[in-house]
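Could you build all of it, start to finish, from the sequences and the hints given here?
For reference, the chains in residue letters:
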Amino acid sequence: MGLTRVRYMRYAKHYLVFGLVTILIAVGALLFRGLNLGIDFTGGLLLDLQFERTVTIEQVRTVMNSAVGIDAQIQQVEPKGAESPEATEFLVRTPVLSEEQKAALYDSLNHLGSYTVIGEDAVSATVSSELTNKALLAVAIAAVLQVIYISIRFQFRMGVTAVIALLHDVIITVGVLAIFQVEVNSTFVAAILTVLGYSMNDTVVVMDRLRENLHSRQKGESLEDLASRSIQEVITRSIYTGISVQIMLLVMIFLGGSTILDLATTLFVGILAGTYSSITVAAALWFLWERSRDGRHHRGPAGRPAKA
Amino acid sequence: MKGGWNALVLALILLLVGGVIGFYLWPNPETGSARILQHMKLGLDLQGGAHIVLQGVDSELGKVTPETIQAARAVIENRINSLGVSEPVVQVDSQNRIIVEIAGAADIEEAREVIGKTAVLQFIDPEGNLVLDGRDVAEAGVAQDPYGRGFVVTLKLKGDGPQNFYEATSKFVGQPIYIMLDDEVISWPEVREPIPNGEATITGNFTAEEASQLAHLINGGALPIKLVEVEARMVSATLGADSIAKSLRAGWIGMVGVLLFMILLYRIPGFLADIALGVYAILNMLVLLAIDNVFTLPGIAGVLLGIAMAVDGNVIIFERIKEELRKGKGLRSGIDAGFHRAYVTVLDSQVTTAIAAAILWWLGTGPVRGFAVTLFVGTVLSMFTAITFTRWLVTLTVNTGWFDKRTLFGVKEVAR
Numbered sequence: 001m002g003l004t005r006v007r008y009m010r011y012a013k014h015y016l017v018f019g020l021v022t023i024l025i026a027v028g029a030l031l032f033r034g035l036n037l038g039i040d041f042t043g044g045l046l047l048d049l050q051f052e053r054t055v056t057i058e059q060v061r062t063v064m065n066s067a068v069g070i071d072a073q074i075q076q077v078e079p080k081g082a083e084s085p086e087a088t089e090f091l092v093r094t095p096v097l098s099e100e101q102k103a104a105l106y107d108s109l110n111h112l113g114s115y116t117v118i119g120e121d122a123v124s125a126t127v128s129s130e131l132t133n134k135a136l137l138a139v140a141i142a143a144v145l146q147v148i149y150i151s152i153r154f155q156f157r158m159g160v161t162a163v164i165a166l167l168h169d170v171i172i173t174v175g176v177l178a179i180f181q182v183e184v185n186s187t188f189v190a191a192i193l194t195v196l197g198y199s200m201n202d203t204v205v206v207m208d209r210l211r212e213n214l215h216s217r218q219k220g221e222s223l224e225d226l227a228s229r230s231i232q233e234v235i236t237r238s239i240y241t242g243i244s245v246q247i248m249l250l251v252m253i254f255l256g257g258s259t260i261l262d263l264a265t266t267l268f269v270g271i272l273a274g275t276y277s278s279i280t281v282a283a284a285l286w287f288l289w290e291r292s293r294d295g296r297h298h299r300g301p302a303g304r305p306a307k308a
Numbered sequence: 001m002k003g004g005w006n007a008l009v010l011a012l013i014l015l016l017v018g019g020v021i022g023f024y025l026w027p028n029p030e031t032g033s034a035r036i037l038q039h040m041k042l043g044l045d046l047q048g049g050a051h052i053v054l055q056g057v058d059s060e061l062g063k064v065t066p067e068t069i070q071a072a073r074a075v076i077e078n079r080i081n082s083l084g085v086s087e088p089v090v091q092v093d094s095q096n097r098i099i100v101e102i103a104g105a106a107d108i109e110e111a112r113e114v115i116g117k118t119a120v121l122q123f124i125d126p127e128g129n130l131v132l133d134g135r136d137v138a139e140a141g142v143a144q145d146p147y148g149r150g151f152v153v154t155l156k157l158k159g160d161g162p163q164n165f166y167e168a169t170s171k172f173v174g175q176p177i178y179i180m181l182d183d184e185v186i187s188w189p190e191v192r193e194p195i196p197n198g199e200a201t202i203t204g205n206f207t208a209e210e211a212s213q214l215a216h217l218i219n220g221g222a223l224p225i226k227l228v229e230v231e232a233r234m235v236s237a238t239l240g241a242d243s244i245a246k247s248l249r250a251g252w253i254g255m256v257g258v259l260l261f262m263i264l265l266y267r268i269p270g271f272l273a274d275i276a277l278g279v280y281a282i283l284n285m286l287v288l289l290a291i292d293n294v295f296t297l298p299g300i301a302g303v304l305l306g307i308a309m310a311v312d313g314n315v316i317i318f319e320r321i322k323e324e325l326r327k328g329k330g331l332r333s334g335i336d337a338g339f340h341r342a343y344v345t346v347l348d349s350q351v352t353t354a355i356a357a358a359i360l361w362w363l364g365t366g367p368v369r370g371f372a373v374t375l376f377v378g379t380v381l382s383m384f385t386a387i388t389f390t391r392w393l394v395t396l397t398v399n400t401g402w403f404d405k406r407t408l409f410g411v412k413e414v415a416r
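So the sequence lines, in the order shown, correspond to chains A and B. For the first sequence, counting from 1, position 159 maps to 159 in our numbering; every step adds exactly one. For the second sequence, counting from 1, position 17 maps to 17 in our numbering; every step adds exactly one.
Derived by calculation from the structure, the hints in this document are not laboratory data. Since the structure is predicted, the reported quantities are computational estimates derived from the model, not experimental observations. Keep in mind that a hint or two might mislead.
[Unchecked claim] Only part of the chain A face toward chain B is listed, based on derived beta-carbon distances under 10 Å:
| no. | residue |
| --- | --- |
| 1 | Glu58 |
| 2 | Lys134 |
| 3 | Arg211 |
| 4 | Ile243 |
We treat Cβ as the ideally placed atom computed from N, Cα and C, and that holds for glycine.
Laid out in structure tokens, this is it:
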């Protein structure tokens with residue numbers, strides 16, 4: 001048979017230990033550092049600033065960043081009741097600011113020319129809890145339907161392990177966001193959904209190879225050899241597809257500008273986890289589960305004794 | 001001669017795909033932005049829209065409290081979502097005002113119409129008594145008028161509604177029931193016979209649009225307090241025009257990177273896959289434009305995931321073909337077997353994703369829905385292009401007779 005065979009599944013338990021440790025780290029980061037929730041989730045201040053001279057959004061953003069180190073959401077609006085035709089006006093949404101921060105901000109905005117504060121209001125979050133609850137419900141229903149589909153087309157056990165891999169990917173992604181305190185805004189919802197979509201697609205491709213090889217299992221081939229052979233056959237594809245997507249995301253991270261940075265970073269981490277977890281979580285877990293059943297059903301001379 | 005014919009078809013496809021994509025991505029000299037952007041409806045995050053501020057005021061409807069303001073906010077959010085306006089910003093400020101931002105300028109008047117309505121629905125009998133109000137309605141729908149032209153709004157009643165309506169319609173046969181919206185009589189149908197099944201209709205020679213707008217208003221519920229518009233202005237994109245340009249440029253560079261990577265990996269088949277991806281991009285765009293999709297950042301994430309899956313489809317196929325060729329199969333039979341086997345893989349992986357996208361489309365709101373729509377369209381289309389179109393291109397290429405296993409897929413003949 002094959003010449004260069006890597007016994008991937010010999011280390012199945014190690015992969016799972018690695019997965020478990022990283023999950024614990026991620027959960028720890030979530031508990032102790034927490035997510036850096038952005039203004040879409042927390043609400044904050046809505047400032048209405050009118051400058052007498054023409055100022056660009058980019059200039060306002062730079063001042064915001066250097067003065068108080070905050071990421072603000074800045075929109076240009078039609079100037080209200082301005083006398084000069086050069087006047088520009090901005091709606092700026094910031095996190096909740098202390099009095100000192102506010103003073104520092106207003107002070108440094110003077111560098112851009114004289115301006116008036118037309119409005120300063122505390123505003124609520126724009127992502128309602130209803131939206132997040134609905135999203136969670138939708139994802140849960142989608143996951144159940146995916147397990148059903150995989151159970152019909154593949155195996156129930158493959159469906160369950162695929163969903164466990166999905167959970168792993170989300171926890172890792174959210175954990176990394178917590179560790180690096182990446183700001184979480186409404187696009188975060190879309191980023192997590194994208195990670196889920198990619199991860200499921202990637203896992204199904206791996207499961208597909210396991211399914212195919214189970215059907216054409218060579219005589220005397222142990223489950224470990226079969227699983228390792230399947231990984232060997234599918235791993236090039238996993239890596240190539242992963243690289244294609246990450247090329248795109250890396251360009252976004254380095255050239256995409258500040259507003260898309262958080263989204264691209266989240267996707268990068270999630271898709272990385274989604275790629276390896278198809279093998280190290282989904283396939284490994286499936287293999288151990290399958291082998292324990294195999295052992296129970298065929299204890300005796302039929303197969304090779306299961307190795308730990 | 002057959003080989004030359006196939007080469008000619010290939011060249012024509014390449015010219016066509018390259019031409020169409022080039023034309024739409026190349027900046028229009030007058031506006032300086034890509035032509036495709038003129039056809040795309042962009043969301044609030046990418047294009048900006050209207051910024052409307054509504055002040056809550058005490059009235060006979062109710063007093064303004066943090067609870068009623070939040071309830072009013074929820075009603076408005078529901079109404080905007082049911083209008084199909086994509087991903088609005090709705091927030092409350094500390095001075096009992098509701099700030100609404102919606103994309104695009106064309107829909108502002110319509111949106112204002114819907115946002116501003118209090119939507120108190122009442123059914124009044126000829127003696128001036130209240131029979132039903134909006135709280136008795138379980139669901140409003142639209143149907144064709146069975147007795148005349150135009151459309152009607154159908155109401156399913158709940159709670160005591162069916163009983164009250166039955167009693168009123170039994171008592172006043174031959175007399176009109178007045179249906180009022182915000183103290184204005186919008187319909188006064190004559191009772192023909194008692195109606196026991198808890199279903200009422202509002203007639204009034206509505207067009208389909210008027211009827212569905214009214215149904216949306218009723219479904220969204222009445223505002224618990226009076227709201228007065230204090231401000232309406234145009235605003236720029238929430239993401240900031242400065243960074244959108246950067247992101248777009250990064251997007252194109254990234255795409256080119258992926259296309260080059262495919263060529264690097266698979267040489268000629270990789271190039272064919274790039275053409276197939278081009279066709280995929282065109283079809284994807286056409287469908288999204290046809291269903292009037294509003295493009296937002298989450299939506300674009302869905303498009304990108306769709307592209308990733310289309311790329312994946314091609315990688316799966318080519319890896320499979322290589323595998324078959326390495327086993328010693330001939331070029332044609334290797335390609336056939338490769339496609340045949342990869343077909344199942346691609347189908348199952350894409351169907352699993354499409355299932356999730358469909359559920360998110362159905363149940364999600366805001367950014368979730370924006371993402372789901374583009375992902376669903378993307379996965380369904382990539383099943384088609386990865387399997388059908390790539391296969392056709394590969395077959396054409398093989399038929400030119402210019403290539404063998406080694407030059408086409410880089411697989412050396414293996415001695416067995």
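Here is how each hint holds up against the structure:
no. : hint   : verdict
1   : Glu58  : 4 Å, holds
2   : Lys134 : 6 Å, holds
3   : Arg211 : 9 Å, holds
4   : Ile243 : 7 Å, holds
Checked against the numbered hints given earlier, the structure satisfies every one of them.
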